[in-house]
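**Q** If you read the sequences in order, they're chains P and E. For what it's worth, our numbering labels the leading residue of the first sequence as 28, then goes sequentially. For what it's worth, our numbering labels the leading residue of the second sequence as 1286, then goes sequentially.
The set of hints was computed from the structure by calculation and includes no laboratory data. Keep in mind the model is a prediction, meaning the values are calculated, not measured. One or more hints might be untrue.
[To be verified] In silico lysine-lysine, BS3-like type, Cα no more than 30 Å apart, as pairs:
#, chain 1, residue 1, chain 2, residue 2
1, P, Lys131, E, Lys1520
2, E, Lys1346, P, Lys252
3, P, Lys252, E, Lys1520
4, P, Lys252, E, Lys1394
5, P, Lys138, E, Lys1370
6, P, Lys114, P, Lys171
Next come the chains, spelled out residue by residue.
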Amino acid sequence: MKMSSLYCHLGSALMLAAASLPVCAEDILSKNQMTQAAQFLPAPPDTSDLRFQSDLAQYHWGKSMRQTPRGERAIKDANFDIRFVFKGFSGAVGTELTPETTPKLCRLMTKYCKIASYAARRAKNEYGRKRPYVLFDEPTSVRKEEAYYYPTGSYPSGHATAGWVIGLLLSEICPERQDTIMSYAWQFGQSRVIVGYHFQSDVDAGRFVASSCVARFHADATFCKEMADAKAEVRHRLETCQKTKPAQ
Amino acid sequence: MNHTSTLLFLAMALSIGGQEARGDSFLTRDDMPNAVNYLPVYPYTDDTRYLDDWVQYSWGKTVRNTTRGQQAVADAIYSVSSISKGFNAAFGMTISSSNTPELYKLLTKALGDCSNGTYVAKNYYMRKRPFDYYGESSATPNDEASLRKNGSYPSGHTTAGWTFALLLAEINPARQDTILSRGYQYGQSRVIVGVHYQSDVTAGRLVASAVVARLHADAAFMEQLKKAKAEFAAKSGM
Chain P
28 MKMSSLYCHL GSALMLAAAS LPVCAEDILS KNQMTQAAQF LPAPPDTSDL RFQSDLAQYH
88 WGKSMRQTPR GERAIKDANF DIRFVFKGFS GAVGTELTPE TTPKLCRLMT KYCKIASYAA
148 RRAKNEYGRK RPYVLFDEPT SVRKEEAYYY PTGSYPSGHA TAGWVIGLLL SEICPERQDT
208 IMSYAWQFGQ SRVIVGYHFQ SDVDAGRFVA SSCVARFHAD ATFCKEMADA KAEVRHRLET
268 CQKTKPAQ
Chain E
1286 MNHTSTLLFL AMALSIGGQE ARGDSFLTRD DMPNAVNYLP VYPYTDDTRY LDDWVQYSWG
1346 KTVRNTTRGQ QAVADAIYSV SSISKGFNAA FGMTISSSNT PELYKLLTKA LGDCSNGTYV
1406 AKNYYMRKRP FDYYGESSAT PNDEASLRKN GSYPSGHTTA GWTFALLLAE INPARQDTIL
1466 SRGYQYGQSR VIVGVHYQSD VTAGRLVASA VVARLHADAA FMEQLKKAKA EFAAKSGM
């Protein structure tokens, strides 16, 4: 095959992948059916608010963590490719979770994390809160994404929402490892504060929105079926495969 | 001992057990996730983050002599009947043992799981309640004696309120935003009455999400949830 044809095929494949969400009759979880976080989320603290001081303290804590191993992990957590995210959660679950080893789980998580972002997005747009690096005009520890995220709202945190959603769903699949899974999900959110992309209150709100998303998912028959399949896949893998080393 | 004495003795024994149906839950305490392991420690009073807790405690006091303050006092009763009553309007249906028996059974047992879900962390940290720390009165003075002996972090009421909100939103997604909004306010009521810090309440909602996830991994819970959903569908003519 000529290189130009190969690139065409690759480009088409990527575009199809980017269109990611299936729009089919059974997929009733459209944007309008998700919870509208702005309906029950409080407004983020204004910079003139005394409550902002907590966010400020956490922003400084985040900066102090950047040149440490925890800071390096935070940079990795910023990469929201499902393969990277799952690599982290694999240790908590006790088996390798990849698109190859657990395809149903990966598809489930990719799909529903995207849907969860709909719940957060309206609130983001409504509040239009400036990210810490935008507000303070200071560098983050993930320089290459600064331009992309610059115009987007900070509150609530999409990463924190997705991380907590994954934690809750994996806990349901592996309740015997819930503490480790939820602890990892907690840290996933805190990484956003460390890299300077979010205030602590953005991350707190993200976790809160996540729980409302998971409640909505469970009201959907398609989700329940897909979740049951993913659970069977993971449980089978846990029973038949060797466990990976626990996450540090 | 004659029959009357026996019955009297039994009645006393049952009432001393308290309002919480601690024996009535889907899971055991050991089954529940341990918040000490997945949540951070609360902010100490010399931590800059404590300022947020102090600001919110002060805010709570300004709300007490308002209609919202009255609601906060009503929200202080920790029982399935009281908590679910607070959701009737948001849910769009009266939640009771007579009107929605399956849902009521679900929530009664889930309340027990909520108590179990906060027990370990509360006792581990034994954080002092704000009214106790400041030597001031709360808006629910009758609860103060028992609350002094009960750790503040995380908030048990908030865990219960947010758990109820998540379950009711799952059963009635058409009214999810109203239900969740009420669930959110239920937690804030604890700050208003002065028996919890904001960080206790924020943590309580996270514990609730973990409790609900754990319950969804339990067959008996899922069976009861299915009954509650079917009951709701039948009653709302779906």
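**Q** Would you mind marking each hint as holding or not holding in the structure?
**A** Each hint tested on the structure:
A distance of roughly 36 Å separates the Cα atoms of Lys131(P) and Lys1520(E); the hinted pair therefore is violated under the 30 Å criterion. Pair hint Lys1346(E) plus Lys252(P) does not hold up; C-alpha atoms about 48 Å apart against a cutoff of 30 Å. Under the criterion of a C-alpha separation no larger than 30 Å, the hint pairing Lys252(P) with Lys1520(E) is consistent with the structure, at around 25 Å. The hinted pair formed by Lys252(P) and Lys1394(E) meets the criterion: a straight-line CA distance of about 26 Å does not exceed 30 Å.
With a C-alpha separation of about 36 Å, the suggested pairing of Lys138(P) with Lys1370(E) is violated against the 30 Å cut-off. Taken as a hint, the Lys114(P) and Lys171(P) pair is honoured in the structure, with Cα atoms around 22 Å apart against an allowance of 30 Å.
The structure is inconsistent with the numbered hints 1, 2, 5, although it conforms to all the rest.
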